Amino acid sequence: MSASASVRVELGTRGYDILIGPCLYEHIGDHVAAVLKTRRLFVVTDQRVAAAQWPRLEPALKAAGIAAPCIVLPPGEATKGLEHLGRLLDAVLDHRPERGDMLLALGGGVVGDITGLAASLLLRGVGYIQAPTTLLAQVDSAVGGKTAINTRHGKNLIGAFYQPRLVLADLDSLASLPQRELLAGYAEMVKYGLIDDPALFAWLEANGKALVAGDLAARQHAVTLSCAAKARIVAADEREDGVRALLNLGHTFGHALEAAIGYDDRLLHGEAVAIGLVLAFELSVRLGLCPAADAARLRRHLAVVGLPTAVPRGPWTTDRLVELMHQDKKVSAGRVTFVLARGIGRAFVARDVDLAAVRALLDQTAAA
1 MSASASVRVE LGTRGYDILI GPCLYEHIGD HVAAVLKTRR LFVVTDQRVA
51 AAQWPRLEPA LKAAGIAAPC IVLPPGEATK GLEHLGRLLD AVLDHRPERG
101 DMLLALGGGV VGDITGLAAS LLLRGVGYIQ APTTLLAQVD SAVGGKTAIN
151 TRHGKNLIGA FYQPRLVLAD LDSLASLPQR ELLAGYAEMV KYGLIDDPAL
201 FAWLEANGKA LVAGDLAARQ HAVTLSCAAK ARIVAADERE DGVRALLNLG
251 HTFGHALEAA IGYDDRLLHG EAVAIGLVLA FELSVRLGLC PAADAARLRR
301 HLAVVGLPTA VPRGPWTTDR LVELMHQDKK VSAGRVTFVL ARGIGRAFVA
351 RDVDLAAVRA LLDQTAAA
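The numbers in our numbering rise by one with no breaks, and the one at position 3 of the sequence shown is 3.
There may be inaccurate statements among the hints.
Said to hold, decoys possible - Derived CB-CB ranges, DEER-like: (1) Ala91 - Asp354: 45 to 55 Å; (2) Pro291 - Gly12: 19 to 29 Å; (3) Asp354 - Arg8: 34 to 44 Å; (4) Asp264 - Gly334: 37 to 47 Å; (5) Asp90 - Ala33: 28 to 38 Å; (6) Ala293 - Pro315: 40 to 50 Å; (7) Gly334 - Asn207: 36 to 46 Å; (8) Cys23 - Gly334: 44 to 54 Å; (9) Arg266 - Leu82: 14 to 24 Å.
These are calculated hints, taken from the structure and not from any lab test. The structure displayed is predicted, hence computed values, not measured ones. Don't be surprised by glycine CBs; every beta carbon is placed ideally from N, CA and C.
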């Protein structure tokens, strides 16, 4: 396996590195030395990740002379709420933190999101490090500084743009992932190819099955390309005033599905995104924007690697899904924002979509 790769998120004085490779946790003292102001890190994780990854991280932190109180949260999307945010803040405050101390988010997107938001609030802002342990977090949620929790009104509606000081994408942490979790992250990789990189999509078509099966070189290559794609977009539009909105391809549909199902494990975020990508392309075809062959190509590839491509049956209606789309944080002047496509690698933001077409698509999908 090759040495670790590095991608820079260029944000001036707030820029930071993403390190991608094996054995990063075993050498964490070397990696964090440049960003630590004190010798204390508050590690935030969940019960599942603690069992799999804390035994790797704890001795390395001790060897580096870094005190590391470990705060363990329940696993699952339901943890991303006000109740658990309050408990996390209190747990850190119990240790009398100083502004020079930092948090370290050891886990997937849920842990990364709630930890980043907690860091933005503690003492009016302390630093934090992302140590993403899922493929989805490594290629998407750990990069770019979006931190948030969910409410009954929708997903990620309470949050802040707050950048980490460092991202450590340890590829060895993926070895303990269930196949379903790995595939959920793969959907976000596909998204980058669909936005503006048809060559990446073609590479995934050729190498995706090997990547999913455990090919470490393929994983490092794909994670590096995905992080570079996201870093480029974040550097150009940190607060999602323009091009960064393209990263929501598939998410308007996906977030509505997640909210409708109650954010439980019947539908993982990446699975919802995969379905949302298909729906976005199908809607684009219906609107005469995208070749039907490109939508079929996307559906075929997702199915080949094992991702869902159709809306699952559940306790929702078309009216409910459209209502949830109106609660999305990207709504502007009362209109739902969609990311559509003129083809693979040609995504664009659309704010004038006729919801009758969306309803017709959802009605047909539900009836299938």
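Legend entry - Hint numbers contradicted by this structure: 2, 4 and 6
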